[in-house]
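Asks: Sequence:
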Amino acid sequence: MARDRGHRGWWNRQDDPEIDLVGADREPVARKVHFVGSVKWLETKPFGRHE
Numbered sequence: 001m002a003r004d005r006g007h008r009g010w011w012n013r014q015d016d017p018e019i020d021l022v023g024a025d026r027e028p029v030a031r032k033v034h035f036v037g038s039v040k041w042l043e044t045k046p047f048g049r050h051e
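Residue numbers (my numbering): 1 to 51.
Among the hints, erroneous ones may be present.
DEER-style ranges, computed between Cβ atoms [to be verified]:
(1) R26 / F47: 31 to 41 angstroms
(2) R13 / H34: 24 to 34 angstroms
(3) P28 / R49: 32 to 42 angstroms
(4) D20 / E43: 30 to 40 angstroms
It should be emphasised that the hints constitute simulated quantities derived from the structure, not laboratory data.
As the structure is a prediction and not an experimental result, all values here were calculated from the model.
We put the beta carbon where it would ideally sit given N, CA and C, even for glycine.
All chains, please: the whole structure from these sequences, using the hints.
Replies: Laid out in structure tokens, this is it:
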């Protein structure tokens with residue numbers, strides 16, 4: 001079972017955060033990467049083909 005590292009919130013002043021995600025089996029050096037991704041807040045634009 002994974003350890004809970006806590007939950008934190010953050011928002012930049014431009015209201016357009018971009019967050020990169022990497023899920024791995026352990027830290028600081030992973031043996032296996034489970035997922036990678038990116039979250040971008042595009043409130044001023046509708047979803048496009050790349051979303």
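Asks: Next, verify each hint and record whether it holds.
Replies: Do the hints match the structure? See the list:
1. R26 / F47: 31 to 41 angstroms: Taking Cβ atoms as reference, R26 and F47 lie about 35 angstroms apart, which means the hint holds.
2. R13 / H34: 24 to 34 angstroms: Given about 32 angstroms between the Cβ atoms, the range holds.
3. P28 / R49: 32 to 42 angstroms: Given about 37 angstroms between the Cβ atoms, the range holds.
4. D20 / E43: 30 to 40 angstroms: Roughly 19 angstroms apart at Cβ, these two residues miss the hinted range, so it is violated.
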